[in-house]
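Chemist: Can you make the complete structure from the sequences, with help from the hints?
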Amino acid sequence: MSTPPLDDRMQRLTAVRPRLLSFARLHLRNHSQAEDAVQDTLEAAIEKQDSFSGRSGYETWVFGILKFKILDTMRVQKRQGTWQPLEDEADDEAIDRQFRRNGRWLKEARPTSWGEPEAAFESETFWQVFDACMIALPDNVARVFSLRELMGLSTEEICRELGIKENNCWVILHRARLRLRACIEQGWLTEETP
Amino acid sequence: MIMCRRATELMSQRLDRPLAWQERLSLRFHLAMCGACSQCNRQFDVLHEAGKRFEPAARDEQE
Numbered sequence: 001m002s003t004p005p006l007d008d009r010m011q012r013l014t015a016v017r018p019r020l021l022s023f024a025r026l027h028l029r030n031h032s033q034a035e036d037a038v039q040d041t042l043e044a045a046i047e048k049q050d051s052f053s054g055r056s057g058y059e060t061w062v063f064g065i066l067k068f069k070i071l072d073t074m075r076v077q078k079r080q081g082t083w084q085p086l087e088d089e090a091d092d093e094a095i096d097r098q099f100r101r102n103g104r105w106l107k108e109a110r111p112t113s114w115g116e117p118e119a120a121f122e123s124e125t126f127w128q129v130f131d132a133c134m135i136a137l138p139d140n141v142a143r144v145f146s147l148r149e150l151m152g153l154s155t156e157e158i159c160r161e162l163g164i165k166e167n168n169c170w171v172i173l174h175r176a177r178l179r180l181r182a183c184i185e186q187g188w189l190t191e192e193t194p
Numbered sequence: 001m002i003m004c005r006r007a008t009e010l011m012s013q014r015l016d017r018p019l020a021w022q023e024r025l026s027l028r029f030h031l032a033m034c035g036a037c038s039q040c041n042r043q044f045d046v047l048h049e050a051g052k053r054f055e056p057a058a059r060d061e062q063e
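Each protein sequence line maps, in turn, to chains A and B. Each residue of the first sequence is one higher than the one before, counting from 1 in full-length UniProt numbering. Each residue of the second sequence is one higher than the one before, counting from 1 in full-length UniProt numbering.
Just so you know, these hints were derived from the structure itself, not from any lab. Mixed in with the good hints there might be a few duds.
Below, computed lysine-lysine pairings styled on DSS-like, alpha-carbon distance capped at 27 Å [to be verified]:
id, chain 1, residue 1, chain 2, residue 2
1, A, 67, A, 78
2, A, 107, B, 52
3, A, 67, A, 165
4, A, 48, A, 107
5, A, 67, A, 48
6, A, 67, B, 52
7, B, 52, A, 48
8, B, 52, A, 165
Modeler: Structure representation (structure tokens):
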């Protein structure tokens, strides 16, 4: 695949912009900073188009630029002290709401089947619920989860990035997944049932 | 015998680090006995996969 012609590129950038923005927003948890990161990304994509090798898809290449911008902005956020301290993540609310004291599932929280994963991924509703549930996560939990699952960093890299212990990272990810599964199960399955 | 809550910790960590063989064994044993945890395990997999597909470009390329 060679570099698409300019008109085509502009069109594709315009088309992908809303999705870049929602990706940035989930990481940065701040609308105007997400807008800025996306704007920088689009400008860089236009300026540096020669560095697009065509080895991956064009949109994937643009997302790659955005990921760098997001990490940069997160470093700035962290330096500026706009984050809650990560080590203070003492709340076990996600766990308390789903398990009995003896460690078994609460009856009303027991996970049920989500059906075929492929069908879920093809459903627009699934993605809307996924997005809404991500937004509903506490900032710190969301940050760690999105770095791990959306950005694909290892827990070791996340710890370096955020300055936390790896063990803490695993605890936060466990909570994030429990919260997300409960939220999605509620939002998605109720939606699907007539 | 581990309880469901501990089992979900292992299901989650399985996605982030290789489990020790004792951990794998106790998780597998628990999953074989517990339907709710097996569902949870599948849901964690869906979340893991959803994260990869969230990047919509990747979704488009698979179509």
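Chemist: Each of the hints needs a verdict: does it hold here or not?
Modeler: Going through the hints against the structure:
For the hint linking residue 67 of chain A to residue 78 of chain A, the alpha-carbon distance of about 16 Å falls within 27 Å, and the restraint holds. For the proposed pair residue 107 of chain A and residue 52 of chain B, the alpha carbon gap of about 31 Å is over 27 Å, so the pair is violated. With a C-alpha separation of about 23 Å, the suggested pair residue 67 of chain A and residue 165 of chain A falls inside the 27 Å cut-off, and the hint holds. As the CA atoms of residue 48 of chain A and residue 107 of chain A are separated by approximately 55 Å, the hinted pair breaks the 27 Å bound.
At most 27 Å may separate the alpha-carbon atoms for a hinted pair to count; residue 67 of chain A and residue 48 of chain A meet this at roughly 16 Å. A hinted pair counts as satisfied when its Cα atoms are at most 27 Å apart, and residue 67 of chain A with residue 52 of chain B qualifies at roughly 14 Å. Between residue 52 of chain B and residue 48 of chain A, the direct Cα distance comes to roughly 26 Å. Compliance with the 27 Å bound is thereby established for this hinted pair. At most 27 Å may separate the alpha-carbon atoms for a hinted pair to count; residue 52 of chain B and residue 165 of chain A meet this at roughly 24 Å.
The structure does not agree with the numbered hints 2 and 4 stated previously, though it agrees with the rest.
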